[in-house]
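Trainee: Taken in order, these protein sequences are the chains called A and B.
Anchor point for the first sequence: position 298 equals 298 in the numbering used here, and the numbering is continuous, going up by one each time.
Anchor point for the second sequence: position 97 equals 97 in the numbering used here, and the numbering is continuous, going up by one each time.
These aren't lab readings, by the way, just hints derived from the structure by calculation.
The reader is advised that the hints may include incorrect statements.
To be verified - Non-contacting residues of chain A with respect to chain B, defined by C-beta distances greater than 12 Å in every case (computed):
#, residue
1, Ser14
2, Val18
3, Gly91
4, Gly97
5, Ser155
6, Ser177
7, Arg247
8, Arg277
9, Glu299
10, Arg319
What the hints assert, rightly or not - Quick look at which bits of chain B chain A covers, simulated, 3 or more residues with Cβ under 8 Å:
#, stretch
11, 36 to 44
12, 200 to 214
13, 338 to 349
Cβ atoms here follow ideal geometry from the backbone N, Cα and C, with glycine treated the same way.
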Amino acid sequence: MKITAAHGSGGRDSALLVEGIFGRHFANPVLDRLEDAAVLDNSAGRLALSTDSFVVSPLVFKGGDIGRLSVCGTANDLLMAGAEPRYLACGFILEEGLDTGLLDSIAASMAREAKAAGLVIVAGDTKVAGDGGGLYINTTGLGFVPEGRLLAAASCEPGDAILLSGRLGDHHACVLSARMGIENGIESDCACLGDVTAALFGAGVRVRAMRDVTRGGLGTILNELAAGAGRRMEISEDLIPVGEPVRAFCGIMGLDPLYMGNEGKMVAIVAGDDADRALAAARGTEHGAEAAIIGRVAEGGGDGGRARVTMRTRIGGTRRVDVLYGEGLPRIC
Amino acid sequence: MSLAAAAEYLSHYGGPPLRIMEVCGTHTAAIFRSGIRSLLAPGIRLVSGPGCPVCVTPSSYIDRCVEYAATPGFRLMSFGDMMKTPGSGGRAIGGARGGGRVEMMYSPMEAVERAALDPSVTYVIAAVGFETTIPAYALAIEEAAARGLGNLRLLTALKSVTPALEWLLENERGIDGFICPGHVSVITGPEAYERLATGYGKPFAVAGFEGEHILAAIYAIARLAGGGAGGAGSGRVLNLYPSAVRAGGNARALALIAKYFEPGPAVWRGLGRIEGSGYYLRKEYARFDGGGRGLDGDEALAAGCACAGVTAGRTDPGDCPMFGSPCRPESPLGPCMASAEGACGVWFQNM
Numbered sequence: 001m002k003i004t005a006a007h008g009s010g011g012r013d014s015a016l017l018v019e020g021i022f023g024r025h026f027a028n029p030v031l032d033r034l035e036d037a038a039v040l041d042n043s044a045g046r047l048a049l050s051t052d053s054f055v056v057s058p059l060v061f062k063g064g065d066i067g068r069l070s071v072c073g074t075a076n077d078l079l080m081a082g083a084e085p086r087y088l089a090c091g092f093i094l095e096e097g098l099d100t101g102l103l104d105s106i107a108a109s110m111a112r113e114a115k116a117a118g119l120v121i122v123a124g125d126t127k128v129a130g131d132g133g134g135l136y137i138n139t140t141g142l143g144f145v146p147e148g149r150l151l152a153a154a155s156c157e158p159g160d161a162i163l164l165s166g167r168l169g170d171h172h173a174c175v176l177s178a179r180m181g182i183e184n185g186i187e188s189d190c191a192c193l194g195d196v197t198a199a200l201f202g203a204g205v206r207v208r209a210m211r212d213v214t215r216g217g218l219g220t221i222l223n224e225l226a227a228g229a230g231r232r233m234e235i236s237e238d239l240i241p242v243g244e245p246v247r248a249f250c251g252i253m254g255l256d257p258l259y260m261g262n263e264g265k266m267v268a269i270v271a272g273d274d275a276d277r278a279l280a281a282a283r284g285t286e287h288g289a290e291a292a293i294i295g296r297v298a299e300g301g302g303d304g305g306r307a308r309v310t311m312r313t314r315i316g317g318t319r320r321v322d323v324l325y326g327e328g329l330p331r332i333c
Numbered sequence: 001m002s003l004a005a006a007a008e009y010l011s012h013y014g015g016p017p018l019r020i021m022e023v024c025g026t027h028t029a030a031i032f033r034s035g036i037r038s039l040l041a042p043g044i045r046l047v048s049g050p051g052c053p054v055c056v057t058p059s060s061y062i063d064r065c066v067e068y069a070a071t072p073g074f075r076l077m078s079f080g081d082m083m084k085t086p087g088s089g090g091r092a093i094g095g096a097r098g099g100g101r102v103e104m105m106y107s108p109m110e111a112v113e114r115a116a117l118d119p120s121v122t123y124v125i126a127a128v129g130f131e132t133t134i135p136a137y138a139l140a141i142e143e144a145a146a147r148g149l150g151n152l153r154l155l156t157a158l159k160s161v162t163p164a165l166e167w168l169l170e171n172e173r174g175i176d177g178f179i180c181p182g183h184v185s186v187i188t189g190p191e192a193y194e195r196l197a198t199g200y201g202k203p204f205a206v207a208g209f210e211g212e213h214i215l216a217a218i219y220a221i222a223r224l225a226g227g228g229a230g231g232a233g234s235g236r237v238l239n240l241y242p243s244a245v246r247a248g249g250n251a252r253a254l255a256l257i258a259k260y261f262e263p264g265p266a267v268w269r270g271l272g273r274i275e276g277s278g279y280y281l282r283k284e285y286a287r288f289d290g291g292g293r294g295l296d297g298d299e300a301l302a303a304g305c306a307c308a309g310v311t312a313g314r315t316d317p318g319d320c321p322m323f324g325s326p327c328r329p330e331s332p333l334g335p336c337m338a339s340a341e342g343a344c345g346v347w348f349q350n351m
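One chain only, chain A, in its complex shape (with noise of 0.2 Å):
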């Protein structure tokens, strides 16, 4: 079956895919109630709210599609701010022609990821606008952070170590193939980092800050990090995990792994001192079982100074990485 306008009519068509694909899925007691909000317990301690937008094409990616990018974006930013994810509201804008196996193949993805980073679906809108076949979704989420709990890239000191969670630009590569035909067994990185937090925070980590590497890529993250601590960040070329497949399919399209987007690895800029134990701890978990220390954070770089971020490359030359100009396009030659 295929979307029309009919499924954004607010009638029975609406109902019918609603409680057919929607609410067999994401079936929970608050959103069974079908109320027009939904109302939730309050756990002591402070919240985190962040919303996100996804748009991606092709909606189905090898390891991931739409929902469960929509799902794990924003459980990682929740728990990037230290929070313990628990609400999730989304909004779907269908368009017509969209087929309905392949919208209840996605709400699954969606089901089972949010299960499994802890997350409760209680509030979601569907709309049908335009005639693309396309599928757009927003989720909010909702979180709680733990007393005590604070992270601020200001609180970045001298010495504290940068925690990568594994390899870059696994996403953005396995998306931009499949846009442009290229046959690869490059898998997208797609992944809820509640395990590598959890962990962190379990082994007493002293955590400054976290962040997901998504679009704009470590580079761009690196440089807001270094600039919301007002420090310098010094990293290293040869610590940087890139995977064979993705560092060739950059050689080729002229792309620098640096700013290509991730939906699975994040950031943690962690006290000196805890390092290796930080280490220990993500690469125990699944989705950080290739965490490396990337580099230290320097002395300076108060002074709005533009070379925040510095990088010393494997031919043992040192370069400025920048934030990300531009949309990062494939070159011509």
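Following the hints, complete the assembly by docking chain B onto the known chain A.
Mentor: Just chain B now, kept in the frame of chain A:
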């Protein structure tokens, strides 16, 4: 020679001052990416050359692209890095994107597929590039011809690297050696530089795109050009990328180019008109020709813009009065800043 020993030699180089040109924009980017400049003694200067196809495409071509995009019934298919390049009056192809008649493509074959699906629209490929990319355009035409498509055109701005290097050797003094583009050389073979190397007595090193490859090329050039040999003795082509670049090049790709394209004069932004440096569709394939011949007009660059000097290796991007302010990657005044592999774009990201 180990990498460490080459780096050691280059960081302590005390011979005559050398200016070495990296012809290819991808090399410029790789040089910064691998921090090579930080490893060279002050006596060795790297200058960027005309090897970014986006940067050397004249403004009249960009204008033609914009016109196609604005014409009902046509759709322009462009590689991403062409999108921001300013034509006359600063108008760029990407500016027409909102109008829905420009699309970014990753491969010319996409345009063929689109044209097959929608015969009511004429798909115009903004066919820009060097020998590396030309075979891909040839394959697109071959496929379109096989399928009998009547709604696919190439708007060509295709160029050959070697004539531009000869132009530089004739018109720009003081380049002591060339790092030759690996991708182009895969197609042409290292022999393409032989005549220039012996005729002008300069070393040409064909290099890959890893930091190690480029460092090795600089080392080889410095040994030949700076090691006292000089003159005819240093006029050699060194293939330092033998894993990809074979003698004779890629025969199949060369045959494809020759089948569909013929050489002719072309205008290089910043350099001017160079005989025999362009490729144009042969008459037999005129039905696929969306233009390209005679697009010679090149509007003067924005006042103060030093792209012409940058393309010729005369001026470092950092010495341009517009560099960084107001000319930035988000709001480029000249083509060298617009492309991510233009010399100015690379410098801006890395200085």
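Trainee: Taking the numbered hints from earlier one at a time, note which ones the structure violates and give those numbers from smallest to largest.
Mentor: 6, 7, 10
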